[in-house]
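Novice: Next come the chains, spelled out residue by residue.
There are 2 protein chains.
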Amino acid sequence: MKKRLLIDYKDIKPSCKDLEVIGIFNPSVIKYGDELIMIARVAEKVKQKKENTHYLVPSYKENKGLMVIEVPKSKEYDYTDVRVIRNHKKNYLTSMSHFRILRSADGINFTFNNEYIMPNNIYEEYGIEDPRITKIDSTYYITYTAVSSCGMNVALIKTNDFIKFERLGNIFHSDNKDCVIFPEKINGKYFALHRPNISQFGKLDIWTAESSNLIDWGNHKIMLKARVNYTDSSRVGAGAVPVLTKRGWLVIYHSADHDSRYHLTAMVLNKDDPNKIIMKSKRPLLEPTEVYEKQGFFQNVVFTCGLIADKDFLNIYYGVCDDSIAYAQLSWKQLWENLEEV
Amino acid sequence: MKKRLLIDYKDIKPSCKDLEVIGIFNPSVIKYGDELIMIARVAEKVKQKKENTHYLVPSYKENKGLMVIEVPKSKEYDYTDVRVIRNHKKNYLTSMSHFRILRSADGINFTFNNEYIMPNNIYEEYGIEDPRITKIDSTYYITYTAVSSCGMNVALIKTNDFIKFERLGNIFHSDNKDCVIFPEKINGKYFALHRPNISQFGKLDIWTAESSNLIDWGNHKIMLKARVNYTDSSRVGAGAVPVLTKRGWLVIYHSADHDSRYHLTAMVLNKDDPNKIIMKSKRPLLEPTEVYEKQGFFQNVVFTCGLIADKDFLNIYYGVCDDSIAYAQLSWKQLWENLEEV
Chain A
0 MKKRLLIDYK DIKPSCKDLE VIGIFNPSVI KYGDELIMIA RVAEKVKQKK
50 ENTHYLVPSY KENKGLMVIE VPKSKEYDYT DVRVIRNHKK NYLTSMSHFR
100 ILRSADGINF TFNNEYIMPN NIYEEYGIED PRITKIDSTY YITYTAVSSC
150 GMNVALIKTN DFIKFERLGN IFHSDNKDCV IFPEKINGKY FALHRPNISQ
200 FGKLDIWTAE SSNLIDWGNH KIMLKARVNY TDSSRVGAGA VPVLTKRGWL
250 VIYHSADHDS RYHLTAMVLN KDDPNKIIMK SKRPLLEPTE VYEKQGFFQN
300 VVFTCGLIAD KDFLNIYYGV CDDSIAYAQL SWKQLWENLE EV
Chain B
0 MKKRLLIDYK DIKPSCKDLE VIGIFNPSVI KYGDELIMIA RVAEKVKQKK
50 ENTHYLVPSY KENKGLMVIE VPKSKEYDYT DVRVIRNHKK NYLTSMSHFR
100 ILRSADGINF TFNNEYIMPN NIYEEYGIED PRITKIDSTY YITYTAVSSC
150 GMNVALIKTN DFIKFERLGN IFHSDNKDCV IFPEKINGKY FALHRPNISQ
200 FGKLDIWTAE SSNLIDWGNH KIMLKARVNY TDSSRVGAGA VPVLTKRGWL
250 VIYHSADHDS RYHLTAMVLN KDDPNKIIMK SKRPLLEPTE VYEKQGFFQN
300 VVFTCGLIAD KDFLNIYYGV CDDSIAYAQL SWKQLWENLE EV
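Going line by line, the protein sequences match chains A and B. Quick note: numbering that gives the first Met the number 0 has the first sequence finishing at residue 341, numbered continuously throughout. Quick note: numbering that gives the first Met the number 0 has the second sequence finishing at residue 341, numbered continuously throughout.
Among the hints, a few may not be true.
Stated by the list, open to error - Straight-line Cα separation of at most 25 Å, BS3-like style, residue types lysine-lysine; simulated pairs: (1) B:K224 to A:K63; (2) B:K60 to A:K88; (3) A:K270 to A:K188; (4) B:K30 to B:K46; (5) A:K89 to B:K224; (6) B:K60 to A:K63.
As the list claims (entries may be wrong) - Stretch-level coverage of chain B by chain A, calculated; a stretch enters the list once three of its residues show a Cβ under 8 Å from a Cβ in chain A: (7) 149-161; (8) 285-298.
Unchecked claim - Covered stretches of chain A, as calculated for chain B (at least 3 residues, CB under 8 Å): (9) 199-209; (10) 217-224.
Calculated directly from the structure, the hints in this document are not laboratory data. These numbers were taken from a predicted model, which means no experiment stands behind them. The C-beta atom is built at its ideal place from N, Cα and C for all residues, glycine as well.
One chain only, chain A, in its complex shape (with noise of 0.2 Å):
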């Protein structure tokens, strides 16, 4: 497997001058005529007063755009998570993220050109993370975690052409993340994988859902469950897209330990009934081995939004370590010997 880092976050410039950008990760990826699009999550914080009494945090207001919140450094507030400041009534996210949208000719070489997608709504107010893109008919389905006090919902954005979007609301409600659709119907309905939280009872597993107009779903069902004591012991959720392959759904997904060291693992599911699984890894398909892979703002994450499969390879996208974008490939002979039958 050839792997590179492809996007340093420090390249980035925020997209205000009251902000910096601590991330750019997590990319979904599509072709579109001859160009690669890549939509990828950039993170940005509040560049910090030199007073140092409160913390600043970046948010969204309906009508009113960015706005900072002051959240006193005070024993009443948990700063042990570089991600989030928890306390009993309410958590912030420190960083606030939106879509920035790049193009490559060779899939290596991306150009940015002030193309954004920002938070618009209530649902979206700490940002919105981690896309994916479905390419059905001739239109774009970028599905996404909305962030807010409201809780993490799954919400939609379609387009044409990438220029214009329209949103489409909360597909799943909170908590839920890490929805993908299919691209094409299966037995006459859309299908999606997604990942809820769940708080008392279960664990976070991979579930799937029905759709006869990918607005509304049902018919949920648990899929691919969290195993104890191996690599996805913690959590599951689906990473790109599937990809429809002579013995089924391929289907690339993170897995999470205790420690929260992440892996990507391939899956292959029935094509006419994606909730039977038929293949699975023997072992991880891609773990953190480079240093771009093991430190950074959140250590040992690689976490993928977007494949790109051509005749001889698979060409994996993935955010690594909360704060930039690599690259691997990696043959088709590679990928079936990664895979044995359940």
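Given the coordinates of chain A, work out where chain B should sit on it, guided by the hints.
Specialist: What follows is chain B alone, placed relative to chain A:
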């Protein structure tokens, strides 16, 4: 307001010899021909063995029926909540619920004819809870909470005759509860209230969703937030199926404060846009004042899933203390006096 205890759990026979009934509560009611049909939640626990080393917990296994799980009485398990045994790996409910169908000619005296709806799939492993019945055209739709190690999902059953019941799957993924479907389309869409359990951000609020076929649901919007420093500061959840009045959709919902003391409260929603609240209770409509509302399996709970609104009166059927069923009757005048415009 007239109040009375209607059905005492001590009068209910268990569904099999290994179990004992600990509650009949949270009933839904609907008119069916000349009858009033009640679907009530009946909770049963396993008769405990004399040896005091394990707690016996009921569960349902697909194709096997009732199974008894033996949970060690050790420090690894937290037994302080009478309803749940907690452990860092897995939680168990101390009882398992099913539904019983009761029939009445006068709305006060109900008869039992061994009519049951029992758990029957993996999502109902720990039981089925809190039914609500909505009549749409000539079909009756029952929403309920399906509890299992996959979480708390909202599932749907349909029936035309209350004899044959067809399961239509999970309509809201875990964790979710307190779903009621409106009895008619609004602007061409079916409409529901639901209550996601949010883990990290957000609170236990009432949300709305829309559907074109009652199976798939989308466009999730937050509608009523739990209010800090009011009686509903800890959680709110829809109660009975909404009733269309001259002023809009009447919704009776429950709220609980931080001591888990419940109240019933009312709101009126815009006829054409139920996301808009136009009236709200000035004070709780009904709160625990009688002995049977204050003392029982879980004290100070009043929880409705069923309401019959006739020309003169609102007849509220509600669970008390998670163990029995009570009935309250109030006039429309009393209702409108309780409400104020917002």
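Novice: Now look at each hint and say whether the structure bears it out.
Specialist: Quick rundown of the hints versus the structure:
1. Under the criterion of a C-alpha separation no larger than 25 Å, the hint pairing K224 of chain B with K63 of chain A is consistent with the structure, at around 22 Å.
2. A distance of roughly 39 Å separates the Cα atoms of K60 of chain B and K88 of chain A; the hinted pair therefore is violated under the 25 Å criterion.
3. Distance hint between K270 of chain A and K188 of chain A is fulfilled; the C-alpha atoms sit about 13 Å from each other, no more than 25 Å.
4. In summary, the hint linking K30 of chain B to K46 of chain B is not supported, as the alpha carbons are separated by about 36 Å, beyond the 25 Å threshold.
5. For a cut-off of 25 Å, the pair hint linking K89 of chain A to K224 of chain B stands: about 14 Å separates their Cα positions.
6. Our distance criterion of 25 Å between C-alpha atoms is broken by K60 of chain B and K63 of chain A, whose separation comes to about 53 Å.
7. Only when three residues or more bring their CB closer than 8 Å to a CB of chain A does the claim for the segment 149-161 of chain B stand; here the count is 4, and the claim holds.
8. Only residues whose beta carbon comes within less than 8 Å of a beta carbon in chain A count, and the segment 285-298 of chain B has 0; fewer than three means the coverage is violated.
9. Figure legend: the segment 199-209 of chain A, annotated as covered by chain B; annotation consistent (7 residues with Cβ-Cβ distances under 8 Å, at least 3 required).
10. A stretch counts as covered by a chain when three or more of its residues have a beta carbon under 8 Å from one of that chain; for the segment 217-224 of chain A and chain B the count is 5, and the coverage holds.
When the structure is compared with the earlier hints, violations turn up for hints 2, 4, 6 and 8 and for no others.
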